[in-house]
Structure formats: C-alpha cells, structure tokens
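Engineer: Knowing the structure of chain A, use the given hints to seat chain B on it.
Each chain, letter by letter, is given below.
Number of protein chains: 2
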Amino acid sequence: MRSGKILVAQGGGPTAVINQSLAGVVLEARRFPDIERVYGARHGVRGIVNEDFLDLTQETSHNMELVANTPSSALGSTRDKPDVKYCQDIFEVLRAHGIGSFFYIGGNDSADTVRIVSAEAQKAGYPLRCIHVPKTIDNDLVGHDHTPGFPSAARFVAQAFAGANLDNASLPGVYVGVVMGRHAGFLTAASAMGRKFPDDGPHLIYLPERTFAIDSFLADVKTAYERFGRCVIAVSEGIHDASGAPIASLLAKEVERDAHGNVQLSGTGALADLLCEEIKSKLRIKRVRGDTFGYLQRSFIGCVSDVDQREAREAGEKAVQFAMWGERDGSVAIKRIGDYAVDYELLALDAVAGKTRVMEDEFISASGTDITDAFRRYLRPLLGSGMPDAFRLRASPVAKVRGK
Amino acid sequence: MRSGKILVAQGGGPTAVINQSLAGVVLEARRFPDIERVYGARHGVRGIVNEDFLDLTQETSHNMELVANTPSSALGSTRDKPDVKYCQDIFEVLRAHGIGSFFYIGGNDSADTVRIVSAEAQKAGYPLRCIHVPKTIDNDLVGHDHTPGFPSAARFVAQAFAGANLDNASLPGVYVGVVMGRHAGFLTAASAMGRKFPDDGPHLIYLPERTFAIDSFLADVKTAYERFGRCVIAVSEGIHDASGAPIASLLAKEVERDAHGNVQLSGTGALADLLCEEIKSKLRIKRVRGDTFGYLQRSFIGCVSDVDQREAREAGEKAVQFAMWGERDGSVAIKRIGDYAVDYELLALDAVAGKTRVMEDEFISASGTDITDAFRRYLRPLLGSGMPDAFRLRASPVAKVRGK
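In the order they appear, the protein sequences are chains A and B.
So that you can map any letter, position 141 of the first sequence is 141 in UniProt numbering, and since no number is skipped, the others follow by simple counting.
So that you can map any letter, position 173 of the second sequence is 173 in UniProt numbering, and since no number is skipped, the others follow by simple counting.
None of these hints come from the bench; they were simulated from the model.
Any given hint could turn out to be false.
It does not matter which identical chain is meant; a pair holds if it fits inside one copy or across any two.
[Said to hold, decoys possible] Each computed DSSO-like pair below joins lysine-lysine, with the alpha-carbon atoms no more than 27 angstroms apart: (1) K222 with K286; (2) K400 with K85; (3) K286 with K81; (4) K400 with K123; (5) K286 with K85; (6) K280 with K81; (7) K400 with K81; (8) K355 with K85; (9) K85 with K123.
Here chain A stands alone, though its shape is the one from the complex (with noise of 0.2 angstroms):
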C-alpha cells in the first residue's frame, strides 16, 4: 500500500458536483494512517507550478461535507493546458514536496495532463501514481459511461425548457435556447427530458453531431410552427457548417480562443440572436426570442441530481482506493452494471486523454433534429429524484353566446 503526501487538484469549467469528487478523494485519503498528508492545489495546474497548496489534513470533515454540496470548484480551477514543459515542472514540484499520490478533477484536457505528468515519473524512475477523475458537463470522455457534472447540467437545461416550453404555450411564438456543447451534444439534447406532453417542446433540437444548414434550419422551424402555432428550439453553441465552422464563430468580430486553441463559444448572446434575426426576417414571425443559458447550466446553486452528487462522491472515492492497493495510473470511469446501478473501472489514461466522445448515432433521430428513446432510456435515471413535472387543464370548453 501506498504512503506519503497526496495532492489533489480541480481542472476545467466547474461543475454542480465537482466538490463532492474534492471531498471523495479528502476523506477517503483521510482513513489510511499512512497517508501523511492531504494538500490541495488551488487554481489546478497553476497552484502546482506556483507551489499554492492547502493542507485539507487540517479541514473539518463537517465543513468537507458543506462544501461538497456547493458548486464550482471549491479549489479554484484554471484553463491552462500544460505542454511537456510544463508536466516537468509539475513532477518536480510532487517531487519536491514527496507527494506520491496525484489526483487531478477533471476532462479530457485534465486527463491529458495526468497522462504526461505520469510519463514523466516513469521516466525518472520515481514511484508517483496519477489519477484523473472524471468530470465534465460535456459527458464527451471516451469509455465512460458518462461524466460526473453532466446529469445536474442535464437537469437544468431539462428543467429550463420544460418552463421555456410552458412559457411559449402561454405567449405562443418561437423560442431559441442555446445550450453548452462544443463537440458533443448531450447537453443539448437533454432538453428534451423538458417534454411531457405531445404538442411540448423543444420541438427541434439541432446538435454538433449533425451539419447545420440555416435553410434547412428555416424550413424545419417553419413547419413546426404551423403545426403547434408556436416553435420551442434548443440548439448547441457547437453547430457547425458543413465544413466545420462554427456558427458562432462566423459570426463574432474577434475570435477568443483558449489556452487549448478553443473558440470561445460561451459568454456571448451573438448565436441567439442571430437565429432570431434569420426566423423574424425570413418567416415574419413577429414574436420570437432567444436566451443564451451561459454560465447559468453549470454552476446554478440548488439544482443538482442527487444521482450525480453520488457518483461525483464515490468516483473521488475510487480514485483514492484504486491509488492505495492499484497497480497502475489511470482514469476513473463510471460503468453502468443495471438499470440503474455503477461500478468504477479504471481506464488506461491514453484511452481518455485528449479524445473527445460524442453523442452514439443511436441517440440522434432520423431526422437529425430530435433524440431517440435510446437517449431517454440512457438519460432519465441519471436527473436523480424529484424532477419537477409539469401539469394542464383539462377543463371543457364553454359554448359561444354571441356565435362570433
């Protein structure tokens, strides 16, 4: 069994349950006696290089469970995407403080790190073991089931089209939710877990998975808009021409780009509101709004699947117990056994990092612009319990005195 320092560190956009993996791994650590000592790393990779730590040996496991139940990374996260440069001075840094357990919360980026920086302590022949944690709303890791983070995210945009789609009932027009997702579109495609009734929206969902073609776009709204007398849209922030580019990007005067050579996507209104201006200019429907749900869908206080916030807990846990009596480095997968029940594995590292899944052909309607019952099947255990519903009357109508 494995002694010594750990250090633990939050990578990535935040999440709804991201502490809850902190607080898996703090704990968990906790009951080995010959684990010395519990540091965490604020701001990711950066609080590495800078030596910012904090000892989590001297936090109480009261105040743990609190910030636990809190979104965004209680840690500070950062953007930075480490090159091999940057992984060595990682390792010198756990070398330096004798850390030999390294834990690190986060995507495929994140995993891509713990990859090279597990590399390098192989090369140097020190005995370090490296451990991703999953997490991202993204649900785009390879080989896991899906990702702590994603099932809150999902609940929150289910939950927001479900009152986008009441509230377009009762002012019918057009509706367009722009929803996180670069590559991958599960996100978006929760929307619609929103959906009760026949006539409910989204009534159209368009996904990265899928080209975008603003006419086909247009004739699609047109259609259902004379079919429900109103049209509710979810669309990823990722739709893409047939070449590639984002819809977004041809849009925004200057290109913002991430340390991982990401387009800014997020942040901004402008993809909205240009499909509303294309709906109200070429199909003159008056009434037609966008929102953006932005920052909104992962870091929400007080929507949170209580499924999610399990998982998030036991794969930090995991991490630290494949550590302690494993034999190698990797990336902990949640792995579906029932339905619905997990297990944990544990990935090898290259077949994770730096890979993007998307969403299974399965999941995409025929149509291309709605999911199947396959992705319901796959999704609803994942919202947890106590999903709001939403209810109609069911009244008769009366008869007209005046017969207009």
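Structural biologist: Just chain B now, kept in the frame of chain A:
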C-alpha cells in the same frame, strides 16, 4: 352575497406561481353554492372577446392542485392592451354570458383593463364585480408591499448569482448578468441575496432607478477588478442614459414594441454583449463573460419560493372573498403586518392601474451600485425556505519548498 357565474383570466408575462392564484380563485369560488359556474378565459382578454372559455367547474380539485404547482399561465396569456372599445367588447361578452364577477390576474396594465371594464359596467348599470389579482416578477405595483411572482423570480436571480459568483471565483474574470426589469430594479437588486462572504459578488449592481453612464461603469469595474482580482456585475435590462433612453434600445437595429408601447428588451443578448465588449476593449481584461437571464428567470421549473406560492394562492382566495362579501371593485394587495406575516387589502383600482412603482431610495446605497440592509430585510423573508447555501474551504496554506 353575489351569485351567478364568475370569469377568471391571466394576462401579461407568466410567473412561477400565477397558477396558484388561478387555483385560489377557482377552488375558493367553488365553495360558494350560489356560484353556478367558474369560467376561465384562454389567453387573457383576447379569449374574452373571442368567447374562448373553459368551464373550470368541471376540473378536478386534484388536477387544479397540480396545475397550481406548475409555472406559467395555465389558461394562456396575452400582450393585448385593451383600449376603451376593446373593454366595451369585453363587457358585452361578460353581460351576454351572465358573468357576475370578473377576476383578472396580471400586472399594472391588467389592472388598467379591470378599471375600464369596471367603469363600463357601472355606466351600463350592470352589476359586475371586477377584481384585479396581482402578479408580476417586476414587483412594480403601487401600494402593494410586494407582488406574487416576484419572490420566486428573485430567488432564481439570487441562486443564479450565488452560482455565477462561485464560478467566477474558480476561474477569475469579469461576469455580467443581465436581469429583467424595465423600470423597477427589484429583481436585479435580488442578485445581492446570493452574497455570503465579504468578497462575494455581485460586486456591482446597476438599476434602472439610477442613470447609467458607460464611463463611470468602466471606472467602477476597474476598481472592483483591482480589488478582488475579479468582478461579478448585475445589470438591469432597463438601464438608461441621462435622457431616459434604454442602453439596450441604443443597440437594437430595429426596435420592437409591444401593444403597450414598451420597447422589447428581453429575448436578446445584445446588452450583455455590448457591456462585455466595452470592458474587454477599454479595460483590456481578457476573460469577460456575459449572460442574459432572459426567460429562465420567470419560467424555470423547480425554483420557487414557498412563501410566494402560499401568498399567490391566498391572493386568489381573497379576491373571491372580496368579490362575494365586499362592496366594491379593487386590486388585492399584500400588506406586511409582521416580520414576517401578511394580510390582504383591497385597493382602489385607480390607485394601482397603469402606475409603476420603482425601488424606494432607502433600498439603494449611496453609491448607486449596491443595495442597503433595508432591502435585504425587505426581501429575505420572501425568498422562502430551503435557500441553497455556499461554503468554502478554510484549510491552512502549505509552506513552499522550492521558494518560487
């Protein structure tokens, strides 16, 4: 005591609890044996002139309770603002159906409709009781301590900013959240209820009660950013320059107006995007993100204040009681009689109709970019029970060993 039929309708923008008031009217009216029918008009006043009625006497109590807990107007709504001719039409339909009491759930424009219909009935010598049941997320009804719908929207805004603050603390930068509210800043001010620790955002709050100038805005942001290393900003969609022109309308290519002559402010991300661009270009801050809360804040399913639910229900019940046993028409207003307890009074329609309350000066800080303790005391009890809470790590820093 009055007898005959009653008619209820819902007008204006939906809220999370407007169906509680509907259920309050319907279920309370059904207790009176002399009320032979309870009709609901679909899509507000438009449904009245079109004689588009549902017989709510034939609705089950159980389903009424389920509908009461569903956000958005179950009967449908309208943006029609009736002129005198339109109100005469309404009155003729009410007379043709033998309606003895008319209940209209809505904001100050709806109160104005009730006022004109009431006057028409009096002129014609027809014994019609007309009651306005309050509803608006803007909280802008004169003489009302607060209005049903506002507390739940305020809770959404407070939770949204609590989350946005945590997100921004984890990945520091500038965050701008644009909140609904054309003339009244109550809902934007609710953002402050998401704060807990002294350095929590929103660090700046811009209300329509104060003149907005881009230069002092940028100076405020610069100061806050230098102080906190980040800045979270709440902005009302109704902010305007010294001439009273909305900042949002200065941007719109083509200004859209509703039947009430109001410029369309929501359903576009333009204001947030403009402010973000200004901050990026003038203050040279790289990470600047803007969200427009849009329709989520009034229709999100699953974020509701239990106090708001209860009061919206009671406002509907009291409306029927005032109609049955009272001697005059009016607007049902919540009156605060304890900390915290309310009663309901019937205000004259003239005192409410077409008037707009804005935030009292005692609620706005001297700086003009924050709220006061008086506002916190005013709003806190309305948000209801079970507000989610945020916690932080408080662990001790670890000494550096590499001396960087």
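Engineer: A separate judgement is required for each hint: does it hold in the structure or not?
Structural biologist: We went through each hint and held it up to the structure:
When the C-alpha separation of K222 and K286 is checked against a cutoff of 27 angstroms, the pair qualifies only within one copy, where the shortest distance is 13 angstroms, while the shortest distance between copies is 40 angstroms. Within a single copy, K400 and K85 get their C-alpha atoms only as close as 79 angstroms, which misses the 27 angstroms cut-off; across copies the closest is 20 angstroms, which meets it. Within a single copy, K286 and K81 get their C-alpha atoms only as close as 45 angstroms, which misses the 27 angstroms cut-off; across copies the closest is 17 angstroms, which meets it. Proximity of K400 and K123 under a CA criterion of 27 angstroms is satisfied inter-copy only: 25 angstroms between copies versus 85 angstroms inside one chain copy.
Taking the shortest Cα distances, K286 and K85 sit within 27 angstroms of each other only across copies (25 angstroms), while inside one copy they are farther apart (56 angstroms). Taking the closest pair of Cα atoms, K280 and K81 come within 27 angstroms of each other only across two copies (23 angstroms); inside a single copy the shortest separation is 41 angstroms, beyond that limit. Taking identical chains as interchangeable, the C-alpha atoms of K400 and K81 lie at most 27 angstroms apart only when they sit on different chains, with a minimum of 23 angstroms there against 68 angstroms within one chain. Taking the closest pair of Cα atoms, K355 and K85 come within 27 angstroms of each other only inside a single copy of the chain (21 angstroms); across copies the shortest separation is 65 angstroms, beyond that limit.
Taking the shortest alpha-carbon separations for K85 and K123, only the intra-copy value of 14 angstroms comes in at or below 27 angstroms, while the best inter-copy value is 86 angstroms.
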